[in-house]
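Visitor: Residue numbers (the working numbering), protein chains in the order written: chain R, 14 to 414; chain C, 14 to 414.
Among the hints, erroneous ones may be present.
It does not matter which identical chain is meant; a pair holds if it fits inside one copy or across any two.
Simulated crosslink set (DSBU-like; lysine-lysine; CA at most 30 Å straight-line) [stated by the list, open to error]:
#, residue 1, residue 2
1, 400, 314
2, 173, 17
3, 17, 204
4, 17, 96
5, 26, 90
6, 96, 203
7, 267, 357
8, 414, 363
9, 17, 267
10, 17, 203
11, 26, 267
12, 414, 96
13, 357, 26
14, 62, 96
Source of the hints: derived by calculation from the structure; they are not laboratory data. It should be emphasised that the depicted structure is a prediction, and the values quoted were computed from it without experimental measurement.
There are 2 protein chains.
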Amino acid sequence: MEYKFSDRIAGLKPSAVREILKSTSDPEVISFAAGNPAPESFPVDAIRKVSAEIFDEQPITALQYGITEGYAPLVEKLTEIMKERNHIGTDNDSLIVTSGATQVMELLTKSLCNEGDVIACEDPSFIGSLNCFRSYNCSLAGVPIEADGIDTNALEETLKNDTDHRIKFLYTIPNFQNPGGVTMSWEKRKKVYELACQYDIIVLEDNPYGTIRVAGDDVPAIKTLDTEGRVVYAGTFSKIISPGIRVGYAVGPKEILAKMTVGKQTEDVHTAMFNQMLVYRWLCEYNLEEHLSNNQAIYRKKLNLMCDCIDSELGDAVTYVRPEGGLFIWCRLDDRIDMLEFCKRAVEKKVAVVPGTAFLTDTAGTTPYVRVNFSTPTDEDIVEGVKRLGQVAKEMLAESK
Amino acid sequence: MEYKFSDRIAGLKPSAVREILKSTSDPEVISFAAGNPAPESFPVDAIRKVSAEIFDEQPITALQYGITEGYAPLVEKLTEIMKERNHIGTDNDSLIVTSGATQVMELLTKSLCNEGDVIACEDPSFIGSLNCFRSYNCSLAGVPIEADGIDTNALEETLKNDTDHRIKFLYTIPNFQNPGGVTMSWEKRKKVYELACQYDIIVLEDNPYGTIRVAGDDVPAIKTLDTEGRVVYAGTFSKIISPGIRVGYAVGPKEILAKMTVGKQTEDVHTAMFNQMLVYRWLCEYNLEEHLSNNQAIYRKKLNLMCDCIDSELGDAVTYVRPEGGLFIWCRLDDRIDMLEFCKRAVEKKVAVVPGTAFLTDTAGTTPYVRVNFSTPTDEDIVEGVKRLGQVAKEMLAESK
Numbered sequence: 014m015e016y017k018f019s020d021r022i023a024g025l026k027p028s029a030v031r032e033i034l035k036s037t038s039d040p041e042v043i044s045f046a047a048g049n050p051a052p053e054s055f056p057v058d059a060i061r062k063v064s065a066e067i068f069d070e071q072p073i074t075a076l077q078y079g080i081t082e083g084y085a086p087l088v089e090k091l092t093e094i095m096k097e098r099n100h101i102g103t104d105n106d107s108l109i110v111t112s113g114a115t116q117v118m119e120l121l122t123k124s125l126c127n128e129g130d131v132i133a134c135e136d137p138s139f140i141g142s143l144n145c146f147r148s149y150n151c152s153l154a155g156v157p158i159e160a161d162g163i164d165t166n167a168l169e170e171t172l173k174n175d176t177d178h179r180i181k182f183l184y185t186i187p188n189f190q191n192p193g194g195v196t197m198s199w200e201k202r203k204k205v206y207e208l209a210c211q212y213d214i215i216v217l218e219d220n221p222y223g224t225i226r227v228a229g230d231d232v233p234a235i236k237t238l239d240t241e242g243r244v245v246y247a248g249t250f251s252k253i254i255s256p257g258i259r260v261g262y263a264v265g266p267k268e269i270l271a272k273m274t275v276g277k278q279t280e281d282v283h284t285a286m287f288n289q290m291l292v293y294r295w296l297c298e299y300n301l302e303e304h305l306s307n308n309q310a311i312y313r314k315k316l317n318l319m320c321d322c323i324d325s326e327l328g329d330a331v332t333y334v335r336p337e338g339g340l341f342i343w344c345r346l347d348d349r350i351d352m353l354e355f356c357k358r359a360v361e362k363k364v365a366v367v368p369g370t371a372f373l374t375d376t377a378g379t380t381p382y383v384r385v386n387f388s389t390p391t392d393e394d395i396v397e398g399v400k401r402l403g404q405v406a407k408e409m410l411a412e413s414k
Numbered sequence: 014m015e016y017k018f019s020d021r022i023a024g025l026k027p028s029a030v031r032e033i034l035k036s037t038s039d040p041e042v043i044s045f046a047a048g049n050p051a052p053e054s055f056p057v058d059a060i061r062k063v064s065a066e067i068f069d070e071q072p073i074t075a076l077q078y079g080i081t082e083g084y085a086p087l088v089e090k091l092t093e094i095m096k097e098r099n100h101i102g103t104d105n106d107s108l109i110v111t112s113g114a115t116q117v118m119e120l121l122t123k124s125l126c127n128e129g130d131v132i133a134c135e136d137p138s139f140i141g142s143l144n145c146f147r148s149y150n151c152s153l154a155g156v157p158i159e160a161d162g163i164d165t166n167a168l169e170e171t172l173k174n175d176t177d178h179r180i181k182f183l184y185t186i187p188n189f190q191n192p193g194g195v196t197m198s199w200e201k202r203k204k205v206y207e208l209a210c211q212y213d214i215i216v217l218e219d220n221p222y223g224t225i226r227v228a229g230d231d232v233p234a235i236k237t238l239d240t241e242g243r244v245v246y247a248g249t250f251s252k253i254i255s256p257g258i259r260v261g262y263a264v265g266p267k268e269i270l271a272k273m274t275v276g277k278q279t280e281d282v283h284t285a286m287f288n289q290m291l292v293y294r295w296l297c298e299y300n301l302e303e304h305l306s307n308n309q310a311i312y313r314k315k316l317n318l319m320c321d322c323i324d325s326e327l328g329d330a331v332t333y334v335r336p337e338g339g340l341f342i343w344c345r346l347d348d349r350i351d352m353l354e355f356c357k358r359a360v361e362k363k364v365a366v367v368p369g370t371a372f373l374t375d376t377a378g379t380t381p382y383v384r385v386n387f388s389t390p391t392d393e394d395i396v397e398g399v400k401r402l403g404q405v406a407k408e409m410l411a412e413s414k
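Only chain R is shown next, with the shape it has when bound in the complex (with noise of 0.2 Å):
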């Protein structure tokens, strides 16, 4: 029987990264390809108290349906906490707790977007997010990235360009883009507000990351400077409880995220409650600031360690912005080496990275960029790993000349 699919779902490839993780299932090949946080950074043994303590003292409101906004306690400790400690969220905001914050950028733009519009990002950015764009056959605007975060004179043109108004929201990761590690500055943060209110465009404020941070100062979100309630803002439990839990959140104008709860009544209907009063209890009960400094110094030393491999064993072949935080390094290869041919060896000797080409607006575009991810890796995978790298690209150079 031959099955006849959406155009939205024909022409959508899974997950490049994803399919990649999966190829990795052999024990034997170290994985830079992953984006999974560290494990040691999870709370096993706070999780399985508060676990416990859900299950004896609230055991129904954990199993049964709830309301579509969220579990009521964590949405009010939620917007508690990102009032305080992140300066975000109005009178005019309002806070849902999603299915992890890829949830966000699916339920922002069905939203927002009709079929043919067009959401300006950065270019490299996050697949799953394109993916999910793509999703909605809306077309995408890349907008390069720089060392201080996306170009926002590239991004003035591509809104200046936009005469028939299709552009409907700019989707960015200020801090420790995925792939390109890099964190927008405040200035360009400040100039991205601006051009939104300028432009009328909504903004989608992504930050997975931001709690990971392992050098420098933290920058204020987009959404500090929101006055016009035209930014949303994404966050999640992934990088800082477990990402397996699926915790995410919004917060962003009422009027639209009303809407974003219609879109994921006729999703998921809820996000699972006990999962959601799993992070509402070790709010509560734990201290957020001890842990995070915690995780962040189990990423400093793994960023530190890869970044030391990388310039001694790969020091000749690649160059790269050491990032101040987050799961990644984008690695520009050498001219003379070619990108697919290097994952391809690298694969052969069994490591697996992400060719940068994944994460590019243009399906059809090249890079000479490659994403490692420094998390997931043990020490000693981490060493061995680029090691086996550094004789692959000095292989390919020895053959260049």
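For this one, chain R is given, so just place chain C on it according to the hints.
Guide: Just chain C now, with coordinates in the frame of chain R:
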């Protein structure tokens, strides 16, 4: 600031039922409006035990990212159960885990339908699914239901008239239909499958209530007839273990489920790992049939009690087809009673029922029906609530004379 929303979301109303539920947070209101499983059916002790085991033995698996298709041991276990217990699934089929069964409707619509396509469905039907279809800018072709399920003559007529083949699939709830309460006969299931083959459409068979049978014999699923690969079956643990954990699943042709998986990647990446592991371990360690049998006893008692109360308190004012299971009774009010006025007066007496109009494919349609739920209220509330409904009906009948 004025927001511009997408066409698909601009006209979509929040589910009337869920809105009513929010308004019934008043503890004095007896709610027959919910669709919640009976909380006494949740296997709380087992869940407490299994949960502790997971966090003791496999905490990292429970907390780390998983693959989109689902936790492999659960996928395997469910595949086995569906084959052996329900005779569902061929070599041409696969199974994926979803975040509740609603996500199955959502992902299938995303995969099969372009905007402007048509979905055939029972009329009335589950509002969550209808709103999901509407959220893709699909039109609904409603087909009336009878005491033995969908009117297959009307279905044939609908398909025959669809000369430009805009109907992509038929959505049906064959067991204890929501809200109708009726069960599709085996003859009609065969006829539905035959028509699907003849008119080349897919069947989406939604079976959330099949395990809550309190009378009569099980009727095999339409999916058991699926030699051609045109039925996608949606199952859930919401009415077996817990709705709050949001674990459902789809069994269907591999090619269709592969597209649905790509769609799911861009929505919530995967269903929460702990929740999947909870279901898996529970299925391994506990006796499913024994649990279902215990649950059926709970629902049988409540259904019988509510029918008895309706017969004695509302006998003059209401007729209904006695359901053999599920959660709902679909009550037809006497023609002398205005349905919306009845619902309004019921709320004044602090009893909530759902106006039947909420379940119509035509949002401007009218109907003399209301839906009452018997699984959520306590026995005392069933008795007291129906008594109050009886008073309302008596008042209104007296006024009509």
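Visitor: Work down the list of hints and note, for each, if the structure agrees.
Guide: Now for the hints, and whether the structure bears them out:
{"no.": "1", "hint": "400 <-> 314", "in the structure": "within (18 Å within a copy, 68 Å between copies)"}
{"no.": "2", "hint": "173 <-> 17", "in the structure": "between (39 Å within a copy, 20 Å between copies)"}
{"no.": "3", "hint": "17 <-> 204", "in the structure": "between (45 Å within a copy, 23 Å between copies)"}
{"no.": "4", "hint": "17 <-> 96", "in the structure": "between (48 Å within a copy, 27 Å between copies)"}
{"no.": "5", "hint": "26 <-> 90", "in the structure": "between (38 Å within a copy, 28 Å between copies)"}
{"no.": "6", "hint": "96 <-> 203", "in the structure": "within (19 Å within a copy, 58 Å between copies)"}
{"no.": "7", "hint": "267 <-> 357", "in the structure": "between (48 Å within a copy, 29 Å between copies)"}
{"no.": "8", "hint": "414 <-> 363", "in the structure": "within (26 Å within a copy, 85 Å between copies)"}
{"no.": "9", "hint": "17 <-> 267", "in the structure": "between (38 Å within a copy, 14 Å between copies)"}
{"no.": "10", "hint": "17 <-> 203", "in the structure": "between (46 Å within a copy, 24 Å between copies)"}
{"no.": "11", "hint": "26 <-> 267", "in the structure": "between (34 Å within a copy, 16 Å between copies)"}
{"no.": "12", "hint": "414 <-> 96", "in the structure": "neither (58 Å within a copy, 61 Å between copies)"}
{"no.": "13", "hint": "357 <-> 26", "in the structure": "within (20 Å within a copy, 50 Å between copies)"}
{"no.": "14", "hint": "62 <-> 96", "in the structure": "within (28 Å within a copy, 38 Å between copies)"}
Checked against the numbered hints above, the structure violates only hint 12.
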